[in-house]
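*Asks:* Residues per chain are reported as follows:
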Amino acid sequence: MSLLNLLPHLLNGITLGLLFALIALGFMLILGLMEQINLAHGSLFALGAYFAYAIATPRLPLPDDMLQAWAGVPLGWRFTAALLLAPVLVAPFGLVLERLMRRTYGRDPLYGLLLTFGVAMVLEELIRVVWGTRDYMIPVPRAMAGGFIMLDLIWSTYRFWAAALAIAAMALVWVIVERTRFGAMVKAGAHDSEIVQALGIDLTRLRVWVFVLGTMLAAFAGVILAPLWGIRPHMGVDAVVPAFLIIVLGGVGSFWGAVIGGLLVGMVVGLSGAYASEWSMLSMYLLLIAVVTFRARGLFGKKSILEA
Amino acid sequence: MKQPKISRRGLVKGSLMAAAAGGTATFFGPWQHNRVWAQGAKKPIKLGLTCDASGQYGNSGQDDVRGIRMAIDECNAKGGVLGRKVEWITADTETNPATGTRVAERFIAQEQCAFLIGAVHSGVANAITQVAGKYGTVYLNTNSSAPSEAGENCSRVKFVWDGNGTNFSKAAVQNAVERIGKRWLLLTNDYVWGHTTSAATKAQVEKAGGQIIDNLLVPQNTRDFASYLLKVQQAKPDVVATAVGGDDIKALRQQVSDLKLEDKTAWINNQQDWPDIWGAPETLFGVFGTTWYHKLPLPGVADFVKRWQTTYPQSPIPVPGNVSYNGYMATRELLRAVERAGSTNNLKVIKALEGHKMSAADRMQHFDAYIDPATHQVQQTIYLARRNAKPADKTDLFELISWTKPESALDDAAPGKCKLKADAEVPSYEM
Numbered sequence: 000m001s002l003l004n005l006l007p008h009l010l011n012g013i014t015l016g017l018l019f020a021l022i023a024l025g026f027m028l029i030l031g032l033m034e035q036i037n038l039a040h041g042s043l044f045a046l047g048a049y050f051a052y053a054i055a056t057p058r059l060p061l062p063d064d065m066l067q068a069w070a071g072v073p074l075g076w077r078f079t080a081a082l083l084l085a086p087v088l089v090a091p092f093g094l095v096l097e098r099l100m101r102r103t104y105g106r107d108p109l110y111g112l113l114l115t116f117g118v119a120m121v122l123e124e125l126i127r128v129v130w131g132t133r134d135y136m137i138p139v140p141r142a143m144a145g146g147f148i149m150l151d152l153i154w155s156t157y158r159f160w161a162a163a164l165a166i167a168a169m170a171l172v173w174v175i176v177e178r179t180r181f182g183a184m185v186k187a188g189a190h191d192s193e194i195v196q197a198l199g200i201d202l203t204r205l206r207v208w209v210f211v212l213g214t215m216l217a218a219f220a221g222v223i224l225a226p227l228w229g230i231r232p233h234m235g236v237d238a239v240v241p242a243f244l245i246i247v248l249g250g251v252g253s254f255w256g257a258v259i260g261g262l263l264v265g266m267v268v269g270l271s272g273a274y275a276s277e278w279s280m281l282s283m284y285l286l287l288i289a290v291v292t293f294r295a296r297g298l299f300g301k302k303s304i305l306e307a
Numbered sequence: 000m001k002q003p004k005i006s007r008r009g010l011v012k013g014s015l016m017a018a019a020a021g022g023t024a025t026f027f028g029p030w031q032h033n034r035v036w037a038q039g040a041k042k043p044i045k046l047g048l049t050c051d052a053s054g055q056y057g058n059s060g061q062d063d064v065r066g067i068r069m070a071i072d073e074c075n076a077k078g079g080v081l082g083r084k085v086e087w088i089t090a091d092t093e094t095n096p097a098t099g100t101r102v103a104e105r106f107i108a109q110e111q112c113a114f115l116i117g118a119v120h121s122g123v124a125n126a127i128t129q130v131a132g133k134y135g136t137v138y139l140n141t142n143s144s145a146p147s148e149a150g151e152n153c154s155r156v157k158f159v160w161d162g163n164g165t166n167f168s169k170a171a172v173q174n175a176v177e178r179i180g181k182r183w184l185l186l187t188n189d190y191v192w193g194h195t196t197s198a199a200t201k202a203q204v205e206k207a208g209g210q211i212i213d214n215l216l217v218p219q220n221t222r223d224f225a226s227y228l229l230k231v232q233q234a235k236p237d238v239v240a241t242a243v244g245g246d247d248i249k250a251l252r253q254q255v256s257d258l259k260l261e262d263k264t265a266w267i268n269n270q271q272d273w274p275d276i277w278g279a280p281e282t283l284f285g286v287f288g289t290t291w292y293h294k295l296p297l298p299g300v301a302d303f304v305k306r307w308q309t310t311y312p313q314s315p316i317p318v319p320g321n322v323s324y325n326g327y328m329a330t331r332e333l334l335r336a337v338e339r340a341g342s343t344n345n346l347k348v349i350k351a352l353e354g355h356k357m358s359a360a361d362r363m364q365h366f367d368a369y370i371d372p373a374t375h376q377v378q379q380t381i382y383l384a385r386r387n388a389k390p391a392d393k394t395d396l397f398e399l400i401s402w403t404k405p406e407s408a409l410d411d412a413a414p415g416k417c418k419l420k421a422d423a424e425v426p427s428y429e430m
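So the sequence lines, in the order shown, correspond to chains R and F.
To convert, note that position 18 of the first sequence is 17 in numbering that gives the first Met the number 0; the numbers rise steadily by one, no gaps.
To convert, note that position 125 of the second sequence is 124 in numbering that gives the first Met the number 0; the numbers rise steadily by one, no gaps.
Keep in mind that a hint or two might mislead.
Computed spacing ranges between beta-carbons, pair by pair [unchecked claim]: (1) R:72 <-> F:411: 44 to 54 Å; (2) F:173 <-> R:294: 54 to 64 Å; (3) F:399 <-> R:13: 54 to 64 Å; (4) R:70 <-> F:259: 24 to 34 Å; (5) R:2 <-> F:259: 19 to 29 Å; (6) R:294 <-> F:86: 37 to 47 Å.
Hints in this document: simulated from the structure, not taken from any laboratory.
The beta carbon of each residue, even a glycine, is placed where N, CA and C say it ideally should be.
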């Protein structure tokens, strides 16, 4: 195994890891502040992909003349609009879900888990009803499509664009969490919600905003991943399992835990895919077992609800 | 010593309990040769459709259902079988062998289905076979195409309707080794169909003088193939032979076509099911196998397509493909076999199917087909196709490049691996 042969797989692992981290980020926010395992995260991810498809292709419920005019807009603009608008369109679903979850706050996390599991199934069926069971693909603008040659190999151009967009989204979340008053309240709320309330901060409103932000991140990840993985009703399952795993691996409530966890999972999946392909799906679970065996709270986790 | 006193009440109670226990024991088994339900001349014959509605083969499973239901509807429109109406029930087998087992058990033991039909995933098909074998229930595996289904996992009660990996490999490999190159790389879905299909491809490649330089196993539900595609590029094979199915092959096709890797090396995709192709037709590439196409230039095809479209005007897939076709043909032949047998007795139906010959015209294929009595697999025309560069309409996605006679694509090794039970070893029933 020469370094020259290994290098492409390391690079591939990093790009994959960034995408995994993006998927996990919204999950982390909701679990971190609200101590709720949102199993509907994957369905919100899928909804983001479907809304993006509707905007970019375009398949919007608009009058014919407006639809024609929108179809005439260059694909680059339609794709950009999908990136920005799809998360906004999915946000109300997050609002409704948060409203449904209020009765579970402060109770056994199992209630929230069951509720969000049920919502995930409802959303998946909703997708089947609206869009059917067939697969869809989102076309990407010419500048982002196709491949380029590096290290004597053909690489997916879009994959690097997707990784770059993931970095941008993560940077934005970092700024919000670490450099704004809102972020300070979120972290304080995650640390001690009673004190935060005693200080006059409206925890209910804070939770709503965190949930909406988490939902929009899930939807954004769905838009980014759709051109790579395709769009199908059960695509949410492909996202929620690694997201949950990354959060546990990186440590509940830790921004850097989600990022580093995502990168580690990406590297392990990428390398095992190349050198021990039959282990590529299992490798992330083995990594999780290895980490939690020595550090139950994950790499960067503080006290977790999973230890309660 | 005090003798135990037996009261009249105790005797009656004991007798009743003994009778109940005896009755229960009789009810629960042994099943061998004792399942006969009250038939009533007009009691409907119930079929259990063991088809996926979710998971890797959810789309294909539902297309299978469409073909099966159409055959049932047409049969009922002609008065049913043996003067009895045909009913059906279905449940999602979830592309999951454990679920397949549960569904099959329920359909037979609780729902009293006379026959089971349907499967795409070979692991699910094998799981259903185990349950069907226990009860002696005749089971038609419509669409799972692992060579093992008619080999080591064959069963006296099971009939395999699809062409299998060996059939497609035999039709494709020899020519490709001679014309394209000897260095082959295998991409194999990591479950029974992938393994047995790739093993068949490997045998054919080596027989033709080629060499397998690597076999990359693809776990089920893989969505990201980047590491595999990098590995393929590093290995520089002459041919990549895939045995990847369902949603996995759709994701693979999407990523290969995005990189235009189909231009860099030759790809042979063992069998491509129509529902997988219809999901993303723009990513179709390479040479692939099928057993039927809706634009075959043969009598009856256009009429069949029209009937199917009339039955399913809202279908997410606008025309029938190989999966729906197999479901239809399997069901139609089962119901015809019941008619020929003059009974729903499973052993009589099995005998009516074994060795049964079907004309090319009746099956809308190029060559006559038959049910191999040694393996219970339908031996039929094997087609190879590639993407149609000049489609007549948006559904005209295939350009057929060859059609091979069943005898030329025969899985020679299967009869040696398949051990069918004798009549006496098969629990019988009639309902």
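*Asks:* Lying within 54 to 64 Å: is that true of the beta-carbon distance residue 399 (chain F) to residue 13 (chain R)?
*Replies:* At 44 Å between Cβs, range violated.
*Asks:* How does the Cβ-Cβ distance of residue 72 (chain R) and residue 411 (chain F) compare with 44 to 54 Å: does it lie in that range?
*Replies:* For residue 72 (chain R) and residue 411 (chain F) the Cβ distance comes to about 59 Å; the hint is violated.
*Asks:* Could you see if the CB distance from residue 294 (chain R) to residue 86 (chain F) stays within 37 to 47 Å?
*Replies:* 58 Å, violated
*Asks:* Does the Cβ distance between residue 173 (chain F) and residue 294 (chain R) fall inside 54 to 64 Å?
*Replies:* 56 Å, holds
*Asks:* Take a look at whether the Cβ-Cβ distance between residue 2 (chain R) and residue 259 (chain F) falls inside 19 to 29 Å.
*Replies:* About 28 Å separates the Cβ atoms of residue 2 (chain R) and residue 259 (chain F), which means 19 to 29 Å holds.
*Asks:* When you take the CB atoms of residue 70 (chain R) and residue 259 (chain F), is the distance between them in 24 to 34 Å?
*Replies:* 26 Å, holds
Checked against the numbered hints above, the structure breaks hints 1, 3 and 6 and satisfies the rest.
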